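Peer 1: Chains as they are written, first to last, in the working numbering: chain A, 1 to 342; chain B, 1 to 275.
By construction, these hints were calculated from the structure, which means they are not laboratory data. Keep in mind that this is a model prediction, so the values were computed, not measured. Wrong hints could be hidden among the right ones.
[Stated by the list, open to error] Below, simulated DSS-like cross-link-like pairs (lysine-lysine); rule was C-alpha separation at most 30 Å, straight line:
{"id": "1", "chain 1": "A", "residue 1": "182", "chain 2": "A", "residue 2": "75"}
{"id": "2", "chain 1": "B", "residue 1": "23", "chain 2": "A", "residue 2": "264"}
{"id": "3", "chain 1": "A", "residue 1": "75", "chain 2": "B", "residue 2": "273"}
{"id": "4", "chain 1": "A", "residue 1": "264", "chain 2": "B", "residue 2": "73"}
{"id": "5", "chain 1": "A", "residue 1": "222", "chain 2": "B", "residue 2": "257"}
{"id": "6", "chain 1": "A", "residue 1": "291", "chain 2": "B", "residue 2": "9"}
{"id": "7", "chain 1": "A", "residue 1": "228", "chain 2": "B", "residue 2": "65"}
{"id": "8", "chain 1": "A", "residue 1": "224", "chain 2": "B", "residue 2": "9"}
{"id": "9", "chain 1": "B", "residue 1": "253", "chain 2": "A", "residue 2": "75"}
{"id": "10", "chain 1": "B", "residue 1": "226", "chain 2": "A", "residue 2": "68"}
{"id": "11", "chain 1": "A", "residue 1": "228", "chain 2": "B", "residue 2": "273"}
{"id": "12", "chain 1": "A", "residue 1": "68", "chain 2": "B", "residue 2": "23"}
{"id": "13", "chain 1": "B", "residue 1": "253", "chain 2": "A", "residue 2": "291"}
{"id": "14", "chain 1": "A", "residue 1": "75", "chain 2": "B", "residue 2": "226"}
{"id": "15", "chain 1": "A", "residue 1": "140", "chain 2": "A", "residue 2": "222"}
{"id": "16", "chain 1": "B", "residue 1": "30", "chain 2": "A", "residue 2": "264"}
{"id": "17", "chain 1": "B", "residue 1": "30", "chain 2": "A", "residue 2": "222"}
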Amino acid sequence: MGEAGAFVAELNDLQRLLDEFTKHGYTVYGPIVKGKSWVFSKVSSIRELDLNYTRTILPPKKLLHPVKNRIFDFKLNDGFEVFESCNVKNIVIFGIHPCDLRAIEKLDEFFSQHPEDVCYEARRKRTLIVGLTCNAVDEKCFCNSLGTGPEASTGFDILITQISDGFFLVEVGSSKGLDILKTLDLAEAKPEHFEAKRKHIEHLKSSFTKTADFEGLATLAKDKLDHKIWVETAERCLSCGNCSMVCPVCYCFDLYDSLDLTLKEGVRIMELDSCQLLEYAEVALGGNFRKERSQRLRHWLLCKFGAAGGSTYTSCIGCGRCIVYCPANIDLTEIAHVLKGG
Amino acid sequence: MSNPYIPRKAIIESIRDETPDIKTFRIKFKDGSFNFNPGQFVMVSMLGVGESAISISSHPEDADKFVELSIRKVGNVTGSIFKLKPGSTIGIRGPFGNGWPMDEASGKNLLIVGGGCGQGALRPLILDVLRHRDCYGRVEILYGARTPQDLMFKYEHDIWARVPDGCLLLTVDSIPTSVEWKYNLGVVTTLFGKTLIKPENSLALICGPEIMMHFAVRGLLSMGFKSDQIYLSMERRMKCGIGKCGHCQIGSKYVCKDGPVFTHSDLIHEPDKIL
Numbered sequence: 001m002g003e004a005g006a007f008v009a010e011l012n013d014l015q016r017l018l019d020e021f022t023k024h025g026y027t028v029y030g031p032i033v034k035g036k037s038w039v040f041s042k043v044s045s046i047r048e049l050d051l052n053y054t055r056t057i058l059p060p061k062k063l064l065h066p067v068k069n070r071i072f073d074f075k076l077n078d079g080f081e082v083f084e085s086c087n088v089k090n091i092v093i094f095g096i097h098p099c100d101l102r103a104i105e106k107l108d109e110f111f112s113q114h115p116e117d118v119c120y121e122a123r124r125k126r127t128l129i130v131g132l133t134c135n136a137v138d139e140k141c142f143c144n145s146l147g148t149g150p151e152a153s154t155g156f157d158i159l160i161t162q163i164s165d166g167f168f169l170v171e172v173g174s175s176k177g178l179d180i181l182k183t184l185d186l187a188e189a190k191p192e193h194f195e196a197k198r199k200h201i202e203h204l205k206s207s208f209t210k211t212a213d214f215e216g217l218a219t220l221a222k223d224k225l226d227h228k229i230w231v232e233t234a235e236r237c238l239s240c241g242n243c244s245m246v247c248p249v250c251y252c253f254d255l256y257d258s259l260d261l262t263l264k265e266g267v268r269i270m271e272l273d274s275c276q277l278l279e280y281a282e283v284a285l286g287g288n289f290r291k292e293r294s295q296r297l298r299h300w301l302l303c304k305f306g307a308a309g310g311s312t313y314t315s316c317i318g319c320g321r322c323i324v325y326c327p328a329n330i331d332l333t334e335i336a337h338v339l340k341g342g
Numbered sequence: 001m002s003n004p005y006i007p008r009k010a011i012i013e014s015i016r017d018e019t020p021d022i023k024t025f026r027i028k029f030k031d032g033s034f035n036f037n038p039g040q041f042v043m044v045s046m047l048g049v050g051e052s053a054i055s056i057s058s059h060p061e062d063a064d065k066f067v068e069l070s071i072r073k074v075g076n077v078t079g080s081i082f083k084l085k086p087g088s089t090i091g092i093r094g095p096f097g098n099g100w101p102m103d104e105a106s107g108k109n110l111l112i113v114g115g116g117c118g119q120g121a122l123r124p125l126i127l128d129v130l131r132h133r134d135c136y137g138r139v140e141i142l143y144g145a146r147t148p149q150d151l152m153f154k155y156e157h158d159i160w161a162r163v164p165d166g167c168l169l170l171t172v173d174s175i176p177t178s179v180e181w182k183y184n185l186g187v188v189t190t191l192f193g194k195t196l197i198k199p200e201n202s203l204a205l206i207c208g209p210e211i212m213m214h215f216a217v218r219g220l221l222s223m224g225f226k227s228d229q230i231y232l233s234m235e236r237r238m239k240c241g242i243g244k245c246g247h248c249q250i251g252s253k254y255v256c257k258d259g260p261v262f263t264h265s266d267l268i269h270e271p272d273k274i275l
């Protein structure tokens, strides 16, 4: 928590911070209002950002593990030639909430396992993370129950907390963050500012209305593969895949080739995929090991409870997106509750 | 750090017909050596079409001269591979997965049970038995296919059958009227009554359609084999081969990374399988 230093800033100082990022060649993305929700979008002014946002539709993974991502280009001749084309630029993701910070840490750990996903690593190395402590929680937030928020202690280069109207505590999380902040000549934070943050966190913690208990579920849920909750819930599920698309830790992807009109040149694409879709587990000759919607739903929920192949890398961080964006009102905390015998 | 999604180039040196829909492609790498364990697989890349997971069917000791892939034509990628001629270039990523438990198998009796094109993944193991006969106890090979024409590696069956302290038992599901067949008729589990191997100090190693493995496991368990003496090579949809894309998951296991070879006890509590 601010081990490498902390400062205080006003709104115009945050604008100077954005300008400094731009000067260093970074494109800045932050939460802006879109319809009745928010999205991470390119921004140049602090006034475009809504620092009071609750959650974006897509999590920051859309910038680090993009929905569609070109892995390499190729040319077909006698055989083939491959040209690497990881498209990487310097970006800042500004205003990431603690739950999403934890999600990025999980993605980092997952993609850096041998053999590393070099495109992810390259993007990640050129990304600066500016965390933002939430100003408020809503009725779908439950990070507090999972210990993934509302206070962030790691996973950021800079962490901003609004401690009073228009006044911010700015904590350093890395040397890259410090290098940028030093150029702004901000006043150093005093104990009273940390105390103000502590009170804000306390207030946040007391304002959660949603709770979840996933303790031990990774084992427990697998002992209950025949529980009726899977089939009952699947009767409502549309298998649309929204839950996994908006999940900040769902990393599953498809790989496919796309040829241009000459049929001589093409690209290999990595595209976000969802285990909720029928084709996901289909094998040659039409075999499918998760043909039933209840099997697919169960697989995703087991995954969020930490019992699938992604282990804790893909387990829930409590952002509430899958609940908000499920057209069938499926709520994984309610399923957890039933499985735990509640 | 190299990009694990980029395939290496290999040249097809020769192609031989195995069955009406299976061919063995002998390939050689253009860019250096290739090492693998029996039972590992590769992602074969047909740029512009896609990739398929294919088991290696040759022996690791031959890898500096050639590597063989026995491929059944079932879809777009394998269909386009079938159009290739000797001299063509294909892309290869891998080898991936764990392979057969060679250390564990050493000194033990082996009951090798294959079904259909699953025999491709078992062949490196069988070749290892032939080359290092002293390293194993009794070795019985049980192999079943739909019809006599669908049996792979027919040109080697005589050699497999002559392995000292062992046998080769063949079976088919049905016999077309014009075909002569002197061996067993019925699914592969009907051969279990003819085996001499007892569970003690033995391993069963199985590769075939999952429904066949389901019945094979039942048969072996009733013969007294323990769940952790039964090794299965699993098939699932694969995209990346390196434990990232998620497609091949069986519950908490990645088939590409934790498998494709699992003991029956590894999988017994996992969902979404026919085992």
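Peer 1: Now tell me if each hint is right for this structure.
Peer 2: So, going through the hints one by one against the coordinates:
Proposed proximity of residue 182 of chain A and residue 75 of chain A is contradicted: the alpha carbons are some 47 Å apart, above 30 Å. Simply put, residue 23 of chain B and residue 264 of chain A have alpha-carbon atoms about 27 Å apart, close enough for the 30 Å limit, and the pair holds. Between residue 75 of chain A and residue 273 of chain B the CA atoms are separated by roughly 39 Å; this puts the pair beyond 30 Å, and the hint is violated. For the hint linking residue 264 of chain A to residue 73 of chain B, the alpha-carbon distance of about 24 Å falls within 30 Å, and the restraint holds.
Distance hint between residue 222 of chain A and residue 257 of chain B is fulfilled; the C-alpha atoms sit about 21 Å from each other, no more than 30 Å. The suggested pairing of residue 291 of chain A with residue 9 of chain B is violated, with an alpha-carbon distance near 36 Å, which exceeds 30 Å. With a C-alpha separation of about 56 Å, the suggested pair residue 228 of chain A and residue 65 of chain B falls outside the 30 Å cut-off, and the hint is violated. At most 30 Å may separate the alpha-carbon atoms for a hinted pair to count; residue 224 of chain A and residue 9 of chain B exceed this at roughly 47 Å.
Restraint check for residue 253 of chain B and residue 75 of chain A: the C-alpha separation of about 36 Å exceeds 30 Å, so the hint is violated. Between residue 226 of chain B and residue 68 of chain A, the direct Cα distance comes to roughly 46 Å. Violation of the 30 Å bound is thereby established for this hinted pair. Between residue 228 of chain A and residue 273 of chain B, the direct Cα distance comes to roughly 19 Å. Compliance with the 30 Å bound is thereby established for this hinted pair. Proposed proximity of residue 68 of chain A and residue 23 of chain B is contradicted: the alpha carbons are some 35 Å apart, above 30 Å.
Only pairs whose Cα atoms come within 30 Å are accepted, and residue 253 of chain B paired with residue 291 of chain A is accepted, the gap being roughly 18 Å. For the given pair, residue 75 of chain A sits about 52 Å from residue 226 of chain B by alpha-carbon distance, which is inconsistent with the 30 Å threshold. For a cut-off of 30 Å, the pair hint linking residue 140 of chain A to residue 222 of chain A stands: about 26 Å separates their Cα positions. A threshold of 30 Å between alpha carbons decides the hint, and for residue 30 of chain B with residue 264 of chain A the separation of about 22 Å falls inside it, so the pair holds.
Of the supplied pair hints, the one linking residue 30 of chain B and residue 222 of chain A is violated, its CA atoms being roughly 46 Å apart against a limit of 30 Å.
The earlier numbered hints that this structure contradicts are 1, 3, 6, 7, 8, 9, 10, 12, 14, 17.
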